[in-house]
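Both chains are sitting in their own frames, so use the hints and assemble them into the complex.
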Amino acid sequence: MSGSDVKDAKARYRRVAYYPGCALEGTGHAYNRSTKAVGKALGLKLDEVPNWNCCGAMEVKNVDPKIQTYLSSRVLSIAANEMHASVVMAPCNGCYHNLKKAEYDLAKDESSREVVGRISEKAGHATYQAGQVETIHALDWIKHGIGEGALRERVSNSLKGLKVANYYGCMYTRPRHIFPEKDKGPGTESTSQPHFMDDLLEAAGATNVDFPLKTACCGGAHTLSDSDTSTKLVLNILRAAEAAGADVIATECPTCHSGLEMHQVRAEKVLGEKTSVKMLYFTQLLGIALGLSPRNVGVQENVSDGLEALKEKGLA
Amino acid sequence: MPIHEKSLIRPENIKTQDKLVLEGIDVSGHWSTFIETRVVSDYNERLQDEIAALPGGEYIHRCWQCGSCTNSCTVNAVNPDFNPRYWIYLIRVGMESELLRDKDIIWQCVSCNKCTYACPRDVFPEGVMKATAHWLELKGHTPKSRSTMFDEEFSEQVIATGKIEEGRIIRGFFARSAQPLRQEWLIEMGKRLARKLPIKLGMLMGIAALIRPRTRGWGRSRDAIASYVGEQEQRQRKALNLPEPGAK
Numbered sequence: 284m285s286g287s288d289v290k291d292a293k294a295r296y297r298r299v300a301y302y303p304g305c306a307l308e309g310t311g312h313a314y315n316r317s318t319k320a321v322g323k324a325l326g327l328k329l330d331e332v333p334n335w336n337c338c339g340a341m342e343v344k345n346v347d348p349k350i351q352t353y354l355s356s357r358v359l360s361i362a363a364n365e366m367h368a369s370v371v372m373a374p375c376n377g378c379y380h381n382l383k384k385a386e387y388d389l390a391k392d393e394s395s396r397e398v399v400g401r402i403s404e405k406a407g408h409a410t411y412q413a414g415q416v417e418t419i420h421a422l423d424w425i426k427h428g429i430g431e432g433a434l435r436e437r438v439s440n441s442l443k444g445l446k447v448a449n450y451y452g453c454m455y456t457r458p459r460h461i462f463p464e465k466d467k468g469p470g471t472e473s474t475s476q477p478h479f480m481d482d483l484l485e486a487a488g489a490t491n492v493d494f495p496l497k498t499a500c501c502g503g504a505h506t507l508s509d510s511d512t513s514t515k516l517v518l519n520i521l522r523a524a525e526a527a528g529a530d531v532i533a534t535e536c537p538t539c540h541s542g543l544e545m546h547q548v549r550a551e552k553v554l555g556e557k558t559s560v561k562m563l564y565f566t567q568l569l570g571i572a573l574g575l576s577p578r579n580v581g582v583q584e585n586v587s588d589g590l591e592a593l594k595e596k597g598l599a
Numbered sequence: 042m043p044i045h046e047k048s049l050i051r052p053e054n055i056k057t058q059d060k061l062v063l064e065g066i067d068v069s070g071h072w073s074t075f076i077e078t079r080v081v082s083d084y085n086e087r088l089q090d091e092i093a094a095l096p097g098g099e100y101i102h103r104c105w106q107c108g109s110c111t112n113s114c115t116v117n118a119v120n121p122d123f124n125p126r127y128w129i130y131l132i133r134v135g136m137e138s139e140l141l142r143d144k145d146i147i148w149q150c151v152s153c154n155k156c157t158y159a160c161p162r163d164v165f166p167e168g169v170m171k172a173t174a175h176w177l178e179l180k181g182h183t184p185k186s187r188s189t190m191f192d193e194e195f196s197e198q199v200i201a202t203g204k205i206e207e208g209r210i211i212r213g214f215f216a217r218s219a220q221p222l223r224q225e226w227l228i229e230m231g232k233r234l235a236r237k238l239p240i241k242l243g244m245l246m247g248i249a250a251l252i253r254p255r256t257r258g259w260g261r262s263r264d265a266i267a268s269y270v271g272e273q274e275q276r277q278r279k280a281l282n283l284p285e286p287g288a289k
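Protein chains in written order, with my numbering: chain A, 284 to 599; chain B, 42 to 289.
Please keep in mind that the hints were generated in silico from the structure rather than gathered at the bench. The structure presented is a predicted model; accordingly, all values stated were derived computationally and were not measured. Heads up, a few of these hints could be off.
Unchecked claim - Dumping the calculated DSS-like pairs for lysine-lysine here, alpha-carbon to alpha-carbon at most 30 Å:
(1) K237/B to K323/A
(2) K279/B to K144/B
(3) K405/A to K144/B
Unchecked claim - Pulled from the structure, derived: some chain A residues nowhere near chain B, Cβ distances all over 12 Å:
(4) A292
(5) K293
(6) A294
(7) A413
(8) K552
(9) E595
(10) K596
Each residue gets a CB set at the ideal place from its N, CA and C atoms; glycine is no exception.
Pulled out of the complex, with its shape left as it was, chain B reads as follows (with noise of 0.2 Å):
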């Protein structure tokens, strides 16, 4: 029996008769409501597999939809459109057109971690949130989250000199989300901030910006993780069916 799920039941699949007699009984308006049949037939079955394939889904398949993660969700109390229970049925069951209605929410999970605190099974769903967003992108239903971009800008700087510097992070995840910089809100951060800032630190936070700070000797690590990130690419690519980049 699986469970019953109200936000399978659209405005558009509820039918209602103004006027309608049924062997002589007037059931007119309310009296008449009922859901029109729905017949699904385009199932995914390889839904749970290939995001069980890509990093943070892989124990998705012992979910037994308590709900617990849904009730704890940071960003639910924000948008209750915003449902890892739900999705995890959807991808377990391989109802991937109804999974495709909430595509564009999904990337916003916070990684508050409260889901995988309060899950009795270790399905881990925070892991479970960033696998569903990543498996959307890959497979082209969504462009690139300003997440995944934050992510990829933040990542690139780790990989290349092992350290980061937060104004070029946020310089650079700006340009790649095509966003002007000059936001009201950080203008007036960076006032409050100038008017009592020691004159020794803004110079040292000022030659930060121009000189990356990096770690020694850092090339052979970040050959060694360049080779493994590509090599996880193409795991990736592989298990979710898709040509290899390049490829046509």
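Bound-form chain A, shown alone (with noise of 0.2 Å):
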């Protein structure tokens, strides 16, 4: 982003369309609770998209990928017509993903748009049209919200000593024809090499890794119908995180956060491959780092004991 358009991102984040999604309603919850708890503290203000719908996940395209573009631009739809909203933030990997999706399949492609446009007429609700509203990413909410500068400033509670591997997985940077303000130079997010959860949490303090694996799949979209495959996907992340010394995955998906604490048990269990390093979300580090209590960003509702990792660096 030029110097200008990201004065204009800081104004128009400010307050956003809030769009959690249905993993962050269930085991994702801690990552929904982080995130307001963060807005909050960070002086950002979330209005929930009402009655919204499920995005399609991973599953509905399989089925047909135009309904995937429907119920997703439904959403976009309520935001962009009934909150008059400019901007709609979805932290949920997936979510964001289908969203941006949508998006694109609606700037591009007619026949997207003709079903679209049938399937709505027909559910008596406007038709969304592309370029109404801006899709974000929990990340850049922060990142062009705030910035590294006064996200430092308001750090009360360092994170310094605690080694992170940055987790951001398949959907937030492929395919990256979805995402086209990325790759777009300083200042943008690289579709190859994300950066964005490290320049966070660098400025709450924390040290990163050189963790080769930040977009590895963690075969999420398979968890439980081909548990095996994910298992030593998942395993690999583990792995890799550990030799490169880190204590915790910092992570940003819901589906991948879960991904990697269940399977993180099933290899212990099925293949006998202990693995000790914790998950916890970007926005509960964060949260950490500005002073809110481990309860308050939900760090209990983890599968994996992240309370072990804070307390052993003083940081809980």
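Next up, the structure:
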């Protein structure tokens, strides 16, 4: 982003439409809680999209991709036409990806426009038109809405000494054609070497380890239908983080996060492969750095014992 | 000139004579190794069109066989037989019988989209994998995979209520795929969670399991999606020359 765009984003991201999605009401509850807590602590406002629906996750597209486009477009339509919002923020990689994909398909593909228009009309709501709102991830929201400088000033419980492996997963960067704002040079996110989470956690005092599997796949799509493959993929990620010297893996997606937690347990129980690295949402880590209590950011809701890692470093 | 396919040469087609003398020269053992002549006559000339008629397969014709998809593939790293580039080749030349040798693993694509990211021709190999898995099931070559069962369980819940509840998805999926829900590792996870979980959140999750979360006023969306799904099913069956569902 150029100088004026950054200033512009600071104003635009101060108050955004919030799309938590299904996972954040279930297994990813801690992510929901910590996102809201961090927003509050930083003075960023969230207005939840009223009466939202599922974006289609990774499953509906396998039945028919255009149904997924419709599902995501309905969320965008409410944000644009009922809330009159200009920005919608989704912390879940799956939701973020699907809203972005719907935006792309509606801008580029006539048949997607036709199907979405037809279903929206029958469903009795305004059809979303590409370009009405901007979809961002929780990382964009804090990175551009606050920035590392201002974040650094607000840190009261520095994550100093905590070694973090930043794990972004698949859907935050792939496929790149649906993220036209990425790979635009300095200040923008990179699809091959994403760094927004690294930047924010570094500003919070953490040490980011050199982690080669930032965008490796955790097998989330087949976490239950092909568990053996997922366990192998997760074990690769956990082992790589440990080899890089990480105390915790920072996550920014509820599916990745619960996948890492689930298959860490499964690897131990089924394969006898024990790993000890802990998983925490990046919003939980930021919250801790901002002086919030572990309970306030839902650390006790995680399966992996993040509290232990925080206590070891004197952060909780 | 077709791409030389090592995988088309099988151990049973490699012949070696233990004792062989040709024109006075001893070529016994290794020196007489040859590959049995192989004639392929059962090309399915419609195969590429059929895959292209299913969602995700639309751009298969763009492939120029560079291999970036297989090279970047997450599943290939775990199982070298998982080879998207090769399957796209087989589909494009219509070698259905060769494709069917791998029918039981094609569904294992994890949709990480590394192939789609790497593909220089915008083939969207991830979509082609899904279309191929779908084709195998529609044609009756494979039973529904666990992945398809999961997708259907999930999609049915979304279409019915606009939302999902994870506990319900897990229970529904295990029932549909006839697996016991009491997996040791799932129980262990539950235990670890229960040790620390605040009572209030535990109660909220219990309530969500009893009362399905739903989007208000979803009925019209549900009906509109359902009618679109029916329309697409019909179109796909027609493209694959399959009888109408229910017809004999």
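Evaluated hints:
no.: 1; hint: K237/B to K323/A; verdict: holds (25 Å)
no.: 2; hint: K279/B to K144/B; verdict: holds (22 Å)
no.: 3; hint: K405/A to K144/B; verdict: violated (39 Å)
no.: 4; hint: A292; verdict: holds (26 Å)
no.: 5; hint: K293; verdict: holds (31 Å)
no.: 6; hint: A294; verdict: holds (32 Å)
no.: 7; hint: A413; verdict: holds (19 Å)
no.: 8; hint: K552; verdict: violated (4 Å)
no.: 9; hint: E595; verdict: holds (17 Å)
no.: 10; hint: K596; verdict: holds (19 Å)
In the structure shown, a violation is registered for the earlier hints numbered 3 and 8, in ascending order.
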